[in-house]
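Q: For reference, the chains in residue letters:
Number of protein chains: 2
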Amino acid sequence: MDWNLINLDADSATPLYLQLCSSLTEAIKTGKLEPGDQLPSERKLAGLLAISRTTAVNAYEELEARGLVRSYVGRGTFISARPDRLGAQFAWRGKVSPLIQRHLGPDIRALLASNKPQMISFSAGQPAYEYFPVERFLAVTESRLRSQPRDTLGFLPAEGHPYLRECIATREGVRHEEVMIVAGTQQALDLIARCLIYPQDRVVMDWPGYLGAIQSFQFSGAVLSGWDMTLADLDELEDSLIKHRPKLLYLNPSFQNPTACTLSLETRQGIIDLARKYRTPIVEDEAYRDLYFATEPPPSLFELEGSGLVLYIRSLSKTFAPGLRLGYIVADEAIIDQLALVKAQGDLFTPGLSQLALADLLTNGVYDNYLKLLRLKHQERARVMEASLQEAFPEGLSWQKSQGGLYIWAQLHHLESGELLAEATKAGVSFMPGSSFFFEPGGKRALRLCYSGTEPEAIRSGVERLKRAYNQALGMSGFSL
Amino acid sequence: MDWNLINLDADSATPLYLQLCSSLTEAIKTGKLEPGDQLPSERKLAGLLAISRTTAVNAYEELEARGLVRSYVGRGTFISARPDRLGAQFAWRGKVSPLIQRHLGPDIRALLASNKPQMISFSAGQPAYEYFPVERFLAVTESRLRSQPRDTLGFLPAEGHPYLRECIATREGVRHEEVMIVAGTQQALDLIARCLIYPQDRVVMDWPGYLGAIQSFQFSGAVLSGWDMTLADLDELEDSLIKHRPKLLYLNPSFQNPTACTLSLETRQGIIDLARKYRTPIVEDEAYRDLYFATEPPPSLFELEGSGLVLYIRSLSKTFAPGLRLGYIVADEAIIDQLALVKAQGDLFTPGLSQLALADLLTNGVYDNYLKLLRLKHQERARVMEASLQEAFPEGLSWQKSQGGLYIWAQLHHLESGELLAEATKAGVSFMPGSSFFFEPGGKRALRLCYSGTEPEAIRSGVERLKRAYNQALGMSGFSL
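Residue numbers (the numbering used here), protein chains in the order written: chain A, 1248 to 1728; chain B, 1248 to 1728.
The hints are simulated quantities; they were obtained by calculation from the structure and are not laboratory data. Wrong hints could be hidden among the right ones.
Because identical chains cannot be distinguished in the list, a pair is counted as satisfied if it fits within a single copy or across any two copies.
Stated by the list, open to error - When the alpha-carbon atoms are kept at most 20 Å apart in a straight line, the in silico SDA-like pairs for lysine to any residue are as follows: (1) K1490 x S1318; (2) K1673 x M1366; (3) K1524 x E1311; (4) K1624 x P1396; (5) K1490 x Q1447; (6) K1619 x V1631.
Isolated chain A, as found in the complex:
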């Protein structure tokens, strides 16, 4: 904010403090002042603008009454809202925490809202849930609800139903005390961030990396540093651990979101050696590891090292169904204990009926058969998308062949993905622009395309729509080959 640009006219009929007020409102509206920005003290502002201190005080009071700034005793005055963004009724203006406006972007909400019949969505990461075992799920649901009202309709422990914890502990080869049930990976990340991050803590994470993880860590006050796992340079990681002394390291080692990369066994072992050497705990998000096509990824960091150094997040949204909101965390028992305090305070517990239904399908083999089917269907869909992209974009777009997971990470040669997205939305197809996965500017030419949630015929139509949007955007950008 350049304070020299504020022109005040002492001869005007409008009082100086109201002129100042209008100038500052305009600066907030146009984004020159952002929510969370601190304003100069009244004394300093008076000096900067050669006005009386009373004029400055009156201007700030008026802005506060309009809900645009908020003063905190001993801390100063901060921009609290952007008038056009938050058209709340009077009493609510300026009441929203500046942390929201600083850290929570609209991307996740937009992604959730993209699941509409008329839109072909390559944006949300969804499995081929048309193959979900509906009848088997209904059968166990009915049986559990009829026979166990207390466990399905009553309160449950924050850390999850004991039976599901035990099922998962058996599958993972750990004790049930090391398992906690959550309402999906996003909740796992949110609980972990709230439990472990104190403002100004450093987190080293995938760069690009999962949008939800970026926001969870930042919303809890973390300062992020990136490690590019497509390069997988262990020296760079060591430099970062030395330089930043991070509170924790967040990694998504198999079919990473968004790049679809998988870390080799050697790299995984190297990461563990570094984490040991610098006593840095790892949060390992293995949402996609079960969704390989031909070859299973190398063992997880958790399998290699255990809960002493690794906290392990597993999604069931990607392998079961996103709409059921289920996932789990495996970690040191003392950390599970603390996470359960945050979970209890956040939403008490995860619904019992879906926990027990999942436990039954894990036990009777239905889940595993469904997972096998998903692998086949996803591979088929990946190949259809790759072939369609190849045909539609003989040049102008490049990507790696998918080996598993849900995504193709592609690079545009002549356009930015934001320009393409604007046209794609009009054409009825959506994807995630690359920049959403970068916490510093980056990824402007990248896009993440989810193939798994769309049937082959619709994938072909979606790619055609994308091609039309591409031609449109290219025409508008004035690019010619």
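Please arrange chain B on chain A, whose structure you already have, making use of the hints.
A: Using the frame of chain A, we list chain B on its own:
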């Protein structure tokens, strides 16, 4: 912490910094230093104890290596963990945010875990869900899952399924944009606190008040001030609004948790006048208002004033079933918009299947019939508990007759409720001690008994167990009449 109590022996074979380290570890273990407490700077400590600055630096470094303190550049050194409370493996020690240890007590988790077959629980607030319409619920669940895989298994908007939002908007007489679906009241409180509270904001709330609300506000950094709604003194409320200029006012006006009080229409109107006068938004938690026995409570603050001043939380845990984790918020559209950002970041969205099943039962009258039945059953249970208490405690315990809601708030005359609880747990009956609902010391002789979740015969047995525990505790306390 009295630093004069630290004795260091310069002649000992143990280096001074290790002696200091042991003394500080002991102080942390015994609670003289609490997680979150700031330690003096190394320079200041050296002065206090007449040691060299190097000794102080070495001691702090050793404590940090042991995971007991954590230093932040520019802010100083803080106690980060209590060694006996957090027996984590090495890499995790001292990693938990001090906010957890400062603000999240074990009471909610203990309450959730009290739902066990062998225990008669008067602690958790549960409706008579034995009467839950299981067959009707299964029928709509089956039908929705079979016919709408996208809406039940796929992603949904963070603010809730449009159909359920519309149903609720119609019932509440608002627009669907003003409605947001959440996973229960506790999540509503957590989202509101994260969305609106900035550290050091003041909140004026019921005192005693709902434990989950206390923790949610404090965990987001709020400073709480209490208003005793059993006295309902509007002058006291006005003084508090003038003195504290709170960010918001949190109230639970009907069959309040824990006191079971209901505010009169005059008091409600007086509160609204004050909120208008001091431009203080109200968060109104009406979890219990539909659960009256004979007479409906006065209109809610929301009905009286609307979303311009009131954010309205409705629980479905208390009127439907706690295990399904459903509730909703009605608020100014701009605030719903911000809350949805926090919800998306917290757990993406609430499961679609339970949202749609609820919508169907709201529409076809099953929910309302069930609610009518709950009112009758709860009244019957309240009367059974009151009669049993009357018989078991002809003196020594007093309470008000219940008019609705789920609780009896009782006062012990000769014992503290903590003493009674210790014996009650052994005898196989649980309740919530009054002190859990006070954010400053208070309520030591009070207890909250939930009657609604227990069948009449078990209520009688539970009160008998309580009486045995009472006699036991009274004997131990040495009290004689």
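Q: Does each hint hold? Answer for all of them.
A: Each hint, compared with the structure:
Taking identical chains as interchangeable, the C-alpha atoms of K1490 and S1318 lie at most 20 Å apart only when they sit on different chains, with a minimum of 16 Å there against 36 Å within one chain. Proximity of K1673 to M1366 under the C-alpha cut-off of 20 Å is restricted to the intra-copy arrangement: shortest distance 10 Å within a copy versus 59 Å between copies. Proximity of K1524 and E1311 under a CA criterion of 20 Å is satisfied inter-copy only: 16 Å between copies versus 51 Å inside one chain copy. When the C-alpha separation of K1624 and P1396 is checked against a cutoff of 20 Å, the pair qualifies only between copies, where the shortest distance is 17 Å, while the shortest distance within a copy is 37 Å.
With identical chains, the CA atoms of K1490 and Q1447 are at most 20 Å apart within one copy only, with a shortest distance of 15 Å there and 32 Å across copies. When the C-alpha separation of K1619 and V1631 is checked against a cutoff of 20 Å, the pair qualifies only within one copy, where the shortest distance is 19 Å, while the shortest distance between copies is 55 Å.
Hint compliance for this structure: no hint is broken.
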